[in-house]
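Produce the complete structure using the sequences and hints provided.
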Amino acid sequence: MDNIILDPPPPAAKPLTHYNLNFHGQGGKYFGIVIINWLLTAITLGLYYPWAKARKLQYLYGVTDLNESRFSFHGTGAEMFKGFIKAILIFAIVFAGFFLFLWLRMPFIGILFFYGGFLSLIPLAIHGSYRYRMSRTTWRGIRFGYRGNRGELYKKFFKWIFFTIITFGIYGAWLAMNLRNYVLGNVRFGNLEFKYKGVGGDFFWLNIKGYFLSIITLGIYIFWWYKELFDYYVNNLSIHDGDRVIHFNSTARGGQIFGLLIVNLLILIFTLGLGYAWIVTRTMNYILTHIELSGDINLDQLSQTETPYTDATGEDVGDLLDFGFVI
Amino acid sequence: MESFHGEFYDGQSSRKYNVRVTIDELNNELNIVHETGEEESWAIPDIRVTHTGDVTEVRPHYYPEKLLHIRENNFRKEIRGLLHTKNYDGWYHKLVYAGLAVHILIALSVMGIAAAVYWWVLPEVAEHAVSILPEAYDHQVGTNIYDNMILYEEIDSGKTALVKSFAEELKFNTERSPEITVVTSKEQNAFAVPDGHIIIYSALLQHMDSYDELVALLSHESSHIKNRHSMKLLCRNLAGYLFISIVFSDVNSIMAILADNANTLRSLQYSRGFEEEADMDGLQMMIDNNVDPEGMTKLFKQLKKAHDVSLPAFISTHPLTDQRIEYIRKKIESSQFKAGDHPQLEKIFNEIKK
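Each protein sequence line maps, in turn, to chains R and L.
Every letter in the first sequence is one number past the one before it in our numbering, and letter 237, counting from 1, is 237.
Every letter in the second sequence is one number past the one before it in our numbering, and letter 267, counting from 1, is 1267.
Worth flagging that the hints you see were computed from the coordinates, not collected in a lab.
Where is the CB? At the ideal position from N, CA and C, for every residue including glycine.
With a Cα cut of at most 27 Å, we get these calculated DSS-like pairs of lysine-lysine:
1. L:Lys1171 - L:Lys1330
2. L:Lys1094 - R:Lys29
3. L:Lys1077 - R:Lys29
4. L:Lys1066 - R:Lys82
5. L:Lys1077 - R:Lys56
6. L:Lys1094 - R:Lys56
7. L:Lys1066 - R:Lys56
Away from chain R, derived, C-beta distances all over 10 Å, residues of chain L:
8. Asn1018
9. Asn1073
10. Trp1119
11. Pro1123
12. His1128
13. Leu1151
14. Ser1157
15. Ser1165
16. Ser1202
17. Asn1237
18. Tyr1241
19. Asp1288
Here it is in structure tokens:
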């Protein structure tokens, strides 16, 4: 059997590692945070909002763990309050411009300015909130980061919006995927790089199918449509370090999503909304325990590469525009 | 001094280092000894401590990427005790760790206080706001509303002139006599605009049997103007809406929807209150003009025939007609009045009816 030793060794088969993603949030604990937030926000006539948001995020990140180490959110109410003030000023400028044009009796330009102003706030909000949120998130002390370029995002975004308008919205599916590919593709986790590879055409047909099947089945299919969307968001995501990789894999089932959402609805109705905290923790728990991670990256060897960034203006503009965080 | 095993992350890489940790109460700091023998210490006032699951996480607030995980129960107890006695723990944590029962109590109290403020304080504040607003503002808003409403209506100028001359015979409870416009419509309706306009639909005039009904209508509508009911309703609704969005918007959608609906019901209740006030003031005006207040009863009976849909009172903008007729009857019984003859009013009324 000497010849075996003499043979050149086979190319090193990379051992496949499974990573554990877990959620430890408890409805009762989160309820306490939500209620205290509510109390303080009401007492301060809403001014506590940025601090309330920081508390919520700190809790939810802190109860999520990857390989037995928790994530942390370091953003503070003070940072988000500053961003909040700046965001309000930005909105005030858009409104002031609108009224200025009305006053100058140029209503058409006024309306153009108004919609243009709001549209151009979207890339600002996306860019700003990713930069802020990522840089304030750590795992074992390693910062996440966002390396997107604001000018580039503006150019791309307006090009996609233009296509969406001239195709009467059909290009919206491509817009959604292009945006996701760009934004998530610029997310860093220490020296690791995120990648998302969604295809506009696939996403378009997935939604067309979901829409019509939901109508035909009187809405029942909607839960399986959600499942397909969830799969599409998760399965196309990966993390890279040179040629090493971590793959994301969804294990969600339509029937489970049906159960989750129906129970959520019942909780909401029978507690007159007070059970909201349990809905958040139940949903987060479902999502995080139905994402499987596997690959050949050693998570004990990440290095600190991203710089801290404390300007929360984009985050707050996003809040005022009222759209959720994508990731 | 008891020492604990900790996992240390240096903020440079995700590599885990094993360290020994001791709490130095005398110097008020945390000492960390690395396997290499290197030592560092963090001042207690500079650290942030969180407990999640079985892990106690400690990090300096000035460099939160450096962190220490300790999985020993004794450490948790000691550091918590220390933070507690030195009072670094803070009121926030006391509130958050107060337990479910306290939290439910807080939730119910916030809701109770919010409801009380909403019910008793807001209407007062809103009314006060109206009394500060100059009446010129009512006129500006009213003129706007009037111009928009009249845009799509056909004005009956002959009847308008007649009702105007009818109104000139009356003594109004407002500073100026109201501006009257009659528009052609099959609907039986009339309303007052804040700037002092009263718009009457022609069909309502057609269905009146006697002049005292028209007096009742004019006195009811002018009382709305006198009491600035539109402005009060606007301010109350606006205040209610603002209040609800501040208190509930950040909680969740179902609470916001419930609160919104409660607000609508409350607003309808205000509206019914204002209608009753206008009825009462209108009756007084009829009595002051020596016109038989029964005209009001006749007017409502007519309106009841025209709008024969019986909504329950609580979802209606106006009190139920039977209720109105009843309280009008009581008011008439308790008032001293002498109905006189009004040949001029009667004459004009007959011309209007032609």
